[in-house]
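J.: Residues per chain are reported as follows:
Protein chains: 2
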Amino acid sequence: MHIAITGAAGFLGQRLVAQLLDRGELDGDAIRRLTLVDQAEPPVVAKEGVEIRSLALDISTPGALDPVLEAGPDVIYHLAAVVSSAAEADLDLGMRVNFDATRALLEGCRAHGLSRTRLIMASSVAAYGGELPAVLDDMTALHPQNSYGAQKAMSELLVNDYSRRGLVDGLVLRLPTIVIRPGRPNAAASSFASSILREPLNGEEAICPVPTDLELFVMSPGRVVDALIHGAGVSGEALRTFRAFMLPGITVSVAEMLEALREVAGDEALARVRHEPDPRIEAIVGSWPARFTNERARQLGFKNDKDFREIVEAFLGERA
Amino acid sequence: MHIAITGAAGFLGQRLVAQLLDRGELDGDAIRRLTLVDQAEPPVVAKEGVEIRSLALDISTPGALDPVLEAGPDVIYHLAAVVSSAAEADLDLGMRVNFDATRALLEGCRAHGLSRTRLIMASSVAAYGGELPAVLDDMTALHPQNSYGAQKAMSELLVNDYSRRGLVDGLVLRLPTIVIRPGRPNAAASSFASSILREPLNGEEAICPVPTDLELFVMSPGRVVDALIHGAGVSGEALRTFRAFMLPGITVSVAEMLEALREVAGDEALARVRHEPDPRIEAIVGSWPARFTNERARQLGFKNDKDFREIVEAFLGERA
Ligand SMILES: NC(=O)c1ccc[n+]([C@@H]2O[C@H](COP(=O)([O-])OP(=O)(O)OC[C@H]3O[C@@H](n4cnc5c(N)ncnc54)[C@H](O)[C@@H]3O)[C@@H](O)[C@H]2O)c1
Ligand SMILES: NC(=O)c1ccc[n+]([C@@H]2O[C@H](COP(=O)([O-])OP(=O)(O)OC[C@H]3O[C@@H](n4cnc5c(N)ncnc54)[C@H](O)[C@@H]3O)[C@@H](O)[C@H]2O)c1
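Those protein sequence lines, which keep their order, are chains A and B.
All you need for our numbering is the position in the first sequence, starting with 1, plus 1038.
All you need for our numbering is the position in the second sequence, starting with 1, plus 1038.
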């Protein structure tokens, strides 16, 4: 089993690599080879019996992935992307990395005859937007309200069409908001969703910029990586007529998130969260859908986090 | 008012040109200039007071549309396309003409600062597919099952994103199956839908390859052209969060179509239709959605044909 990963130096990429090396197998086959790609050489720890290549390349350069595809990987995880704020700030950059590079990857699979290669791409809840119903299902239209979401939605259509034509065996997973991200707060509108847990758990102050009745659709990093791994074993037939769908997050209000914080770390931790409404952040985050039926994902065996407390405990467990 | 039309030599393009010249105005402004583009020079009849340029060019050649866009048209009708069977037979051709050329047109508008230009593109009912509900609405997802539909769906997302960013003022109309097309039967799976009316009305035999309870979602060529013209006057604000939607066709069964034929042209005409089931055609046409709520189109003032009899009578009127 040879696995290639684009964006392997990123947040999810690094976790996926660690998890794959830890398991040693994917979909029942021993992992013999791993090809990691990112703009800078993805860091990786050597492992007995696995041939690992770590490559620094820009996947939006024509032909850049040829050496990877020539080797005929069995599974490709396509995680490289320009995040939403950057894609909104620079349309050309977003189109080049989020769409053209996906197309080039599909064309590369076609050129190298990789019709049986499982290509797993990460899409996003940001592909949804506009006048949404209260609860979204697998037939809810994608009307993205940002360029990142539009580029992901276009890539989904292309992965589906290339799969339908038998040129590759694609699968696109739309990811919920991921919490709790480690590290520092950043410019993303969703940054607070990790901050209001992570900082208090680390003994620091955090600001909550939204009303506590605001709901989010979230998934822990661990469950996302589980989904990426599970996706390798889902058959093309089971994916039927469309290769993209939303992963099963859980719906939580900010109040429920803070209650989980209190249960796990006490009133002292909760007191470290200051409430300072920011209408700009509320407007952005409040427009994201928070309720999904997730029928397809569940039928296909993808699993959600049990509850928010489990997400907090998993974060604490990893930190320890 | 300067109007540019791609695919102006085509079936709809020629009808649109004739209608525009006949009206002499669009959205209340006198038409002073018309720029017609197609692979071969679009035929056109001169008209007093209107400067008409007819250009032979391949819109998928980079920069081909620059001379058109430099002149800053107020309205662009983007009708040039490779039809569904051709796009299915040749993925590269379909991607180049149906998607890349649309993108190049959007980029051209951006480069030439045409943020206020109304760009009207024709999409298709073929963008829908997969496991559809019995009645489709404006939030039904596009899961196209052919490359033509995928290319149209991707173009829709791009027109929407460029419009949202204020780079152009786009509008995409998804067209129902168009009946009655003049001319001869062709290889399209939907060819019979025009044939079973047109041929008997012309005193010729026709074959009906599908069960008579099969339903179709149809619109007359006249109503489609009306919609293209109406679209020029719909404000960007009224289009709200997504720039593409389905036009209001009417749902008719083949039995109802044949009954309209009998009413208009008698039992003699009806007897010219031979029933020879073709499971291949039934499978394709039977997978097309036939019922839509069309809320957005109606709110925006787009009109459907009254009933199928009106469609038959309009065809007879034009033929006369
Ligand atoms: N909730 C969500 O919507 C959501 C959340 C997380 C991730 N995602 C998606 O999951 C994937 C991984 O996300 P992440 O959180 O690990 O992001 P990340 O930013 O940490 O990782 C992305 C990686 O892609 C690399 N990259 C960017 N452009 C590249 C190029 N031209 N060539 C090669 N490498 C390039 C970056 O260097 C980075 O290491 C992305 O596709 C992202 O869009 C979606
Ligand atoms: N029900 C439907 O789904 C449906 C029905 C009809 C039309 N449509 C859409 O409406 C539009 C017009 O359809 P039509 O019936 O008039 O089709 P048509 O084939 O008669 O016209 C299309 C025109 O585009 C031109 N063209 C193709 N490639 C070109 C290129 N590279 N450069 C320049 N011109 C090019 C062709 O020469 C042709 O004249 C198309 O976009 C079509 O996809 C959809």
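Calculated directly from the structure, the hints in this document are not laboratory data.
All C-beta atoms in this analysis are idealised placements derived from N, C-alpha and C, irrespective of residue type, glycine included.
You may find that some hints are simply not true.
[What the hints assert, rightly or not] Some, not all, of what chain B presents toward chain A, calculated at C-beta under 8 Å:
1. T1099
2. P1100
3. R1202
4. R1203
[Stated by the list, open to error] Distance windows between CB atoms, simulated:
5. G1062(A) / E1320(B): 48 to 54 Å
6. G1062(A) / S1229(B): 53 to 59 Å
7. A1068(A) / F1049(B): 36 to 42 Å
[As the list claims (entries may be wrong)] Now the stretches of chain A that chain B is said to cover, found in silico as 3 or more residues with beta-carbon under 8 Å:
8. 1047-1059
9. 1167-1174
10. 1178-1184
11. 1189-1196
12. 1252-1259
J.: Note whether the CB distance of G1062(A) and E1320(B) lies within 48 to 54 Å or breaks it.
T.: holds (51 Å)
J.: Classify the hint on R1203(B) as holds or violated, based on whether any CB of chain A lies nearer than 8 Å to its CB.
T.: Because about 7 Å separates R1203(B) from the closest Cβ in chain A, which is inside the 8 Å limit, the hint holds.
J.: Holds or violated: 53 to 59 Å for the Cβ distance of G1062(A) and S1229(B)?
T.: At 57 Å between Cβs, range holds.
J.: How about T1099(B): closest beta carbon in chain A under 8 Å, or not?
T.: At 19 Å from the nearest chain A Cβ, T1099(B) fails the 8 Å test, so the hint is violated.
J.: Cut-off 8 Å, C-beta pairs, minimum 3 residues; does the coverage of the region 1252-1259 of chain A by chain B stand?
T.: violated (count 0)
J.: Taking 8 Å as the Cβ threshold, is the statement that the region 1047-1059 of chain A is covered by chain B upheld or broken by the three-residue rule?
T.: violated (count 0)
J.: Take the region 1167-1174 of chain A, compare each residue's beta carbon with every beta carbon of chain B, and decide whether three or more fall closer than 8 Å.
T.: holds (count 5)
J.: Report holds or violated for the interface hint on P1100(B), using the least CB-CB distance to chain A and a cut-off of 8 Å.
T.: Violated: closest Cβ of chain A sits about 15 Å from P1100(B), beyond 8 Å.
J.: Given the hint of 36 to 42 Å, is the C-beta distance from A1068(A) to F1049(B) inside that range or not?
T.: violated (58 Å)
J.: Quick check on R1202(B) please, does its C-beta sit within 8 Å of some C-beta on chain A?
T.: Holds, because the Cβ-Cβ distance from R1202(B) to chain A comes to roughly 7 Å (cut-off 8 Å).
J.: Report holds or violated for chain B covering the region 1178-1184 of chain A, Cβ cut-off 8 Å, minimum 3 residues.
T.: holds (count 6)
J.: Do three or more residues from the region 1189-1196 of chain A put their C-beta atoms closer than 8 Å to C-beta atoms of chain B?
T.: Three-residue rule met by the region 1189-1196 of chain A, so holds; n is 4.
Taken one by one, the earlier hints fail for this structure at numbers 1, 2, 7, 8, 12, listed in ascending order.
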